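Please put together the full structure from these sequences, using the hints given.
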Amino acid sequence: MTCHETANIVSAYFDESSSAQERKAAQLHLDSCSACSAALADSQAVGAHLRQWQDEAVPQWQRIPEQLHSKRRVQKPRFSFWGQWAPLAAAFMLALAVMFNVQVDLNSDGFSVAFGQSGGMSPDAVAAQLAQFEQAQRQAQAQTLQALSASIEERQVNSNARLLETVIEQLGDSTSRSIEQVMAYFEAQRQEDLQLMEASYQRLVDSDFQTVQSMQQLANYVQYQGGSLQ
Amino acid sequence: MSFNDQDAALIADALDGSARAWERLVKRYEGQVYNFSLRLTGNSSDALDLMQEVFIGVYRNLHRFRGDSKFSTWLFRIAHNKAVDMSRRKPSFMPISSLGGAEQSEEEVLEHYTDESVQENPQAMLSEIQHNAQIMAVLGCLSWEQRLIIELKVFQSSTFDEIAEMQDISANTAKTRFYTALKLLKKQMEHSHDLS
Chain A
1 MTCHETANIV SAYFDESSSA QERKAAQLHL DSCSACSAAL ADSQAVGAHL RQWQDEAVPQ
61 WQRIPEQLHS KRRVQKPRFS FWGQWAPLAA AFMLALAVMF NVQVDLNSDG FSVAFGQSGG
121 MSPDAVAAQL AQFEQAQRQA QAQTLQALSA SIEERQVNSN ARLLETVIEQ LGDSTSRSIE
181 QVMAYFEAQR QEDLQLMEAS YQRLVDSDFQ TVQSMQQLAN YVQYQGGSLQ
Chain B
1 MSFNDQDAAL IADALDGSAR AWERLVKRYE GQVYNFSLRL TGNSSDALDL MQEVFIGVYR
61 NLHRFRGDSK FSTWLFRIAH NKAVDMSRRK PSFMPISSLG GAEQSEEEVL EHYTDESVQE
121 NPQAMLSEIQ HNAQIMAVLG CLSWEQRLII ELKVFQSSTF DEIAEMQDIS ANTAKTRFYT
181 ALKLLKKQME HSHDLS
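Chains as they are written, first to last, in my numbering: chain A, 1 to 230; chain B, 1 to 196.
These aren't lab readings, by the way, just hints derived from the structure by calculation.
Fair warning: this is a prediction, and the values are worked out from it, not measured in the lab.
Straight-line distance between alpha carbons at most 30 Å, and here's what the computed BS3-like set of lysine-lysine pairs gives: (1) Lys187/B - Lys90/B; (2) Lys24/A - Lys183/B; (3) Lys183/B - Lys90/B; (4) Lys186/B - Lys24/A; (5) Lys90/B - Lys186/B; (6) Lys27/B - Lys70/B; (7) Lys70/B - Lys24/A; (8) Lys27/B - Lys90/B.
Right, here's the structure in full:
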């Protein structure tokens with residue numbers, strides 16, 4: 001036995017939002033329809049069985065979404081990427097400027113950047129100072145060489161004279177020719193020694209000159225680097 | 001302050017970025033949502049996944065809640081949609097044959113539960129879970145659409161109009177589906193009783 005109203009009757013029973021009028025109408029139908037009464041009884045039994053469900057405890061889980069975690073931990077940056085790094089970059093450049101004693105000179109040609117104590121000197125002034133230094137070095141070395149040569153020559157002459165006297169005393173009857181030969185030999189030795197000494201000093205002077213040239217190259221390099229910053 | 005007012009205050013604070021308010025709001029409803037999910041999915045692992053998706057959905061849409069309805073009604077509308085999404089995404093979601101935690105071992109059943117009540121009385125908790133498992137086994141005879149209607153009507157006390165709106169069907173169709181589901185459950189209960 002079936003009834004086309006059963007679904008509505010049973011649903012009305014389960015629907016708490018049903019009006020009093022709907023409930024009364026359903027009850028009137030149930031009083032006269034055994035099919036719907038049986039269906040309702042079965043449905044009530046099912047409902048009662050389902051309602052025996054006992055709520056289970058919620059297992060441990062992450063209640064706060066990652067988005068909310070991020071919101072708490074990380075404040076939204078106020079500035080852009082460059083805005084964040086600009087103060088750090090400025091501080092770094094300032095530290096470099098202090099470390100290398102950077103000097104900025106503003107003149108009619110624009111501005112120039114120089115490093116170190118020589119800051120502010122023009123390249124020409126640096127070259128002129130180096131040339132003066134080279135000239136002074138050369139003069140001082142020439143004077144030193146001349147004085148040294150004279151000293152050595154004088155000492156060698158004296159030494160040769162004492163040697164000659166000793167030889168004459170030892171030989172006694174030596175002929176004047178033999179003496180002249182000995183004197184010629186000593187003179188040749190003296191000249192050879194002087195040449196060797198002059199060659200050594202010249203190498204020393206050349207070495208100093210190379211040092212000056214290296215300084216000149218270094219100065220040119222610094223001027224080039226400074227110029228590239230201008 | 002009424003329950004709804006407390007909800008409203010917590011929602012406002014959560015929208016301002018208060019994690020504490022959000023956590024309190026979740027704690028008020030997580031039990032309902034978890035058990036809703038458990039009855040639908042039939043196992044605690046999928047239930048946890050569904051519950052998390054529900055609350056993520058609630059969090060993302062919280063600014064859209066205008067208070068026109070109760071927060072719980074709005075929340076279970078999201079829960080319904082997430083359950084539908086999950087059933088479509090996971091073809092094996094709510095398989096009838098595997099439903100029923102009674103088939104799980106005691107260790108498997110209890111391994112997901114770490115709260116103090118379980119630690120204090122694991123046998124009572126196990127009995128409770130196995131009793132619920134029998135209910136889930138009965139529910140396992142239903143399609144997910146029928147199970148959703150039973151869930152919303154019997155456990156959430158939703159009206160047929162609300163169910164009709166959620167499932168985009170008429171109220172009469174919702175009533176017919178509900179009654180059909182009740183008949184299937186009756187048969188399943190008799191079958192289970194005969195087996196036991």
